[in-house]
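One line per chain: the protein sequences are H and W, in this order. Just so we're aligned, residue 391 is where the first sequence starts under the working numbering, counting upward by one. Just so we're aligned, residue 351 is where the second sequence starts under the working numbering, counting upward by one.
Hints listed in this document are in silico derivations from the structure and should not be mistaken for laboratory results. Built from N, CA and C at the ideal position, the CB exists for glycine as well. All clues given are correct.
Example chain H residues on the side facing chain W (calculated, C-beta under 8 Å, incomplete):
1) 458
2) 463
3) 469
4) 504
5) 509
6) 604
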Amino acid sequence: MKKSNVAMLIVFLALIPLTLFLGDKLPGKGYYITGVLIIIELSVPFFMAFEKRKPQARELVILAVMIALAVIGRVAIPIPHFKAAFAIIMLTGIAFGPEAGFIVGAITAFASNFFYGQGAYMPWQMMAYGAGGMLAGFVFIKNKIPKKPWIMAIFGFLAVVIWIGPLLDTSHIFIMMPEINISTITASLASGFPVNVSQGLCTALMMLVFGKPLLEKLDRVKQKYGMLEDENGI
Amino acid sequence: MKDDAFSKLHPAVNVLFFIGAICFGVLLQHPVYLLAGIFASGVYYFLLGGRKEIKNLLLMIPLFIFITLFNPIVNTRGVTVLFTYFDRPYTLEALIYGVAVAATFVLMILWFGCYGKVLTGDKVTCLFGNLAPSLSLLLVMVFRMIPNLLQKAKQIIGVRSSIGKGTAGKSSIKDKLGSGMTVIGVLTSWALEGSITTSDSMRSRGYGATKRTSFMVYRMTKTDWVLTLIMLTLLGIVVFFAANGGMNAEFLPERNITPINGFNVIGFIAYLGYLMIPTILNVKEVIQWNISESKI
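Excised from the complex, chain H in its bound form (with noise of 0.2 Å):
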């Protein structure tokens, strides 16, 4: 068995059920510190699989770009609340895989945090933009579905109103909610949902634009250099 396998293993079946019970004893908002380690521990497997392979150089400088790209996309487009983080990580999960759009998601979440300013969601914050590439990776394996634009586009939309953006307002429960209860939880995703959904427009309008040109860009680039194919090769 993989050694990434075997962390994984321990961390489903022994540290969360350890952390939940541990957790559950802490006195205060205990919950909000509980649920960090959860994600730390849920992250540490992905991030050990992506160590193990011991990445080349050509791909860790083109998820460099991805994500620099990612982080200062609301620079190039002027319009405020106009995110294009979000399709910039999926495109990179639609082009590479389910493991470059996590590492490209959840790094972009975290280096974006040293130049916009750090806050307390930001684990929450690397876990839904790293699920958010992961998932458009997943969606998109092995051109099962073609990679048009519109679909990339409904696929963008719906990422972002039912999976990244309830993601994203989890840390809210945890962060302003005085306690966990059905009725905290309702009312943090029902006040995330119309800003989830103009983000889900955004990410929508950068599919359709955006989105060919730059797999058309990646496509070039990888078969200009050949990179990224061959597991040990570059």
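Take the given structure of chain H and dock chain W to it, following the hints.
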């Protein structure tokens, strides 16, 4: 902030401090402890940011009041009913609990604000350099690429506006969007081509040939060890008193706040001392500087 004495310590010491400060800030709901936390984090936030942060600090006040008043609306438990609206009680206990919730929230904003100023990108990559070499390298490249791409984006926008394809403030959203997409497209092509050069250069210098070593700017000095020891001792004292119920505070349905007297004072002093470590270090540095200056 390079002038801050606490920021000059080893990043591991900084991380340990913030983990302790944020965890206990979240866990301890006792009003006096929350007040101590807000005081310590506010002072340190001010020390880090200077005068221009006063505005941010003042912004915390309306936030505080809003969350306090909002809590009894969600939370109807409590014994003392202040008034009722739409058949829902607005209780004193829930209001007081709201103060604690608001204080925790403000505390987190302030501590995370300090954290963002102390733990800069280079420190984070230094910390994780040996643990996750590929990820830290990725992070380093991202940190370098962001200003680089920003500069390039400004160049592209400038060139486009000089050939009459730029967007001004009054352009329509459609124009702005189209222009933005073109800018991102050009930027992507340029960055991807550039990345090939970078990676070829990395490969020809032997990236991935052997185990990577990393240059450490920060070393654990004697001060760092001493401070770590002090911090762990203080945290130990706080945990001891917290476990014995010296810091308990219950709000709902009835108020039950442990008074700080007798032995419990030690726990409080330990907590405040822990939180004030960065501030004390800064003050100590200023005093030392003044003394050495007056000797000249």
